[in-house]
Amino acid sequence: MAVYIHSSNCISPLGFTTKDNFQALLSGRSAIEKIFINDAIGTIYAGKINNQLFDAHFQSIDTLFSGARIEKLLIAALHPLINKHCIKNDSVLIFSTTKGNISALAENQLNDAFIPTTIHNINTYFGFKTEPIVISNACVSGVMALSIAKRLIESGAFSNAFVVAADELTPFVISGFQSFQAMSNEVCKPYDKNRNGINLGEAAAAVYVSDTFSANAITIAGEANSNDANHISGPSRTGEGLVLSIEKALKEAQKTTTDIDYISAHGTATLYNDEMEAIAFNRMQLQNVPLNSLKAYYGHTLGASGLLESIVAIESLKTNTLVPSLGFKEQGTSQSINIITKQEQKPLKAILKTASGFGGSNSAMVFTKNK
Amino acid sequence: MYSVSKYIHIENGSIFENGKQIVDSNTTDFSEFIKQVYRNFEHIYPKFYKMDDLCKLAYIASELVLKDETEKDIALLFSNNEGSLDTDYKHQQSIQNNDAYFPSPAVFVYTLPNIAIGEVSIRHQLKSESAFFIASEYQTDYMHQYTEHLLRTNKAKKVLCGWVHCLNGAYKACFYLVETNGILEHNNQNIKQITK
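Chains A and B are the protein sequences, given in the same order.
Per our numbering, the first sequence starts with residue 51, numbered consecutively.
Per our numbering, the second sequence starts with residue 1397, numbered consecutively.
Hints listed in this document are in silico derivations from the structure and should not be mistaken for laboratory results.
It is possible that some hints are incorrect.
[Said to hold, decoys possible] In silico negatives: residues of chain A with every beta carbon more than 12 angstroms from chain B:
1) GLN73
2) ARG79
3) ILE85
4) ALA118
5) CYS136
6) LYS149
7) SER264
8) SER295
9) LYS305
10) ASN420
[Unchecked claim] Partial selection, computed: residues in chain A whose CB lies under 7 angstroms from chain B:
11) MET51
12) TYR54
13) ILE87
14) ASP89
15) ALA90
16) GLY92
17) MET194
18) ALA207
[As the list claims (entries may be wrong)] Derived EDC-like pairs (lysine to aspartate or glutamate); straight-line CA-CA distance at most 16 angstroms:
19) A/LYS298 <-> B/ASP1469
20) B/LYS1551 <-> A/GLU302
21) B/LYS1431 <-> B/ASP1469
22) B/LYS1568 <-> B/ASP1469
23) B/LYS1551 <-> A/GLU297
24) B/LYS1568 <-> B/ASP1449
These numbers come from a predicted model, not from an experiment.
Positions of the beta carbon are idealized from the N, C-alpha and C atoms, including for glycine.
Turn these sequences into a full structure, and let the hints steer you where they fit.
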């Protein structure tokens, strides 16, 4: 049985629909700007959804809802998909997040900081009839949530799923990455020689997946998750977990390296992550496949990133368009990889999405077109 | 048809293995209790002392299940209702006031629940499938179906499932290993009993 992605939606600083987001990328816009956070953190480069613009957008969906900001982001991401596809008795809501409504902790509202509280509010808001599922697996959560949706549909547990992924830009997360000295003091430069760390961002992204074939839908042809079993916060030096997950995803998709037309990679712009990816792609003989990272457009949106970037990659697949890897000028990894530097039309049939994160986690997924 | 080959329950200073009590401590304090249990293991693992409480609990529960295990293709599916809130709270305390601002990377790294999966993967060298699920209570239905799907589709040879909860000094871990042969049928009723 195959599982298909039918529609998507993105709420980000670059737009409130998938179409607007993709258009923004094609025009080279980046969400990253200088933002003052507070006296202790100071000013950082990050991507933040403009509250005024978002509130105006949310008013067009619901004028009465008064829940937490992240709940509004989730509702805005899901709303058009649920209108289009309708909730059935065996529809399930799957939520990918690293921190959920973590801002509630700063307000001393411990109960609101529990992720089940947030997702039950959303489940009830839309009237889902099944228990929601939450995946919290660091930076691979978004891709992993999609892979778990596929598997649960294959197993017959559900016939369709609404997968939503979101994380907010909060002092909680910023202060932590600052303490790691992992933040860039400019717009980040994935894979570049002068890269010096990440930008953080925020987004909510959603897709509708089901077991029903449609010529316009995208097939999840293969996927896998593998742990490095090496270090809780540092990437593996050999790229072991990423290699294993790509191998398994390709095998399930019945594809070889030469079938892959484009890679939407993780590319956080830290020294070690990007180096690890270059090693893994070379080990897999994928070094000549056009590849990009979207982190200089959005920043790292953590639990949202895997799904947001999958949605963008699927737009590339549908429109046969390669999006440049913003921020890249000069090869900065010990082994070379084929970074996309200019927008290009190219026939795309099968593409690969990868993600890696804290806890040694790695995920890979192959998407194919049906026409 | 799959089976549960071993199951562990840790709560209130007691540890049960396959339903039989193997540890009965009168220590009420979690950190004292978990250190006592660790010291009784033959395996020396200094990293244990660096872990936060959630990881320590997951480490001990996994150790009890996997100590004589040779299979490496074991998927890890952990779950709880609080994610990493126990450590999130500590990190929040360190940034709450601008004049007493001291975030620490050693704390922040544990503000992700799947770090517990990472710690167990490193200890047992499992380069396998894994996922951390958050739910208000253990979701027997979908955990059962997801586990069997991983086994049926050869994405794992065995699956270690577990509820691992640690918040404000309260703790509970219920871990069970699912494979082809075992001592209990892998069905919803037995899973409910094990994770009660």
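Okay, the hints, checked on the actual structure:
no.: 1; hint: GLN73; in the structure: 33 angstroms, holds
no.: 2; hint: ARG79; in the structure: 30 angstroms, holds
no.: 3; hint: ILE85; in the structure: 17 angstroms, holds
no.: 4; hint: ALA118; in the structure: 16 angstroms, holds
no.: 5; hint: CYS136; in the structure: 22 angstroms, holds
no.: 6; hint: LYS149; in the structure: 8 angstroms, violated
no.: 7; hint: SER264; in the structure: 24 angstroms, holds
no.: 8; hint: SER295; in the structure: 9 angstroms, violated
no.: 9; hint: LYS305; in the structure: 17 angstroms, holds
no.: 10; hint: ASN420; in the structure: 22 angstroms, holds
no.: 11; hint: MET51; in the structure: 11 angstroms, violated
no.: 12; hint: TYR54; in the structure: 18 angstroms, violated
no.: 13; hint: ILE87; in the structure: 11 angstroms, violated
no.: 14; hint: ASP89; in the structure: 5 angstroms, holds
no.: 15; hint: ALA90; in the structure: 4 angstroms, holds
no.: 16; hint: GLY92; in the structure: 11 angstroms, violated
no.: 17; hint: MET194; in the structure: 6 angstroms, holds
no.: 18; hint: ALA207; in the structure: 4 angstroms, holds
no.: 19; hint: A/LYS298 <-> B/ASP1469; in the structure: 13 angstroms, holds
no.: 20; hint: B/LYS1551 <-> A/GLU302; in the structure: 10 angstroms, holds
no.: 21; hint: B/LYS1431 <-> B/ASP1469; in the structure: 29 angstroms, violated
no.: 22; hint: B/LYS1568 <-> B/ASP1469; in the structure: 26 angstroms, violated
no.: 23; hint: B/LYS1551 <-> A/GLU297; in the structure: 12 angstroms, holds
no.: 24; hint: B/LYS1568 <-> B/ASP1449; in the structure: 11 angstroms, holds
Violated hints, in rising order: 6, 8, 11, 12, 13, 16, 21, 22; the structure is consistent with all others.
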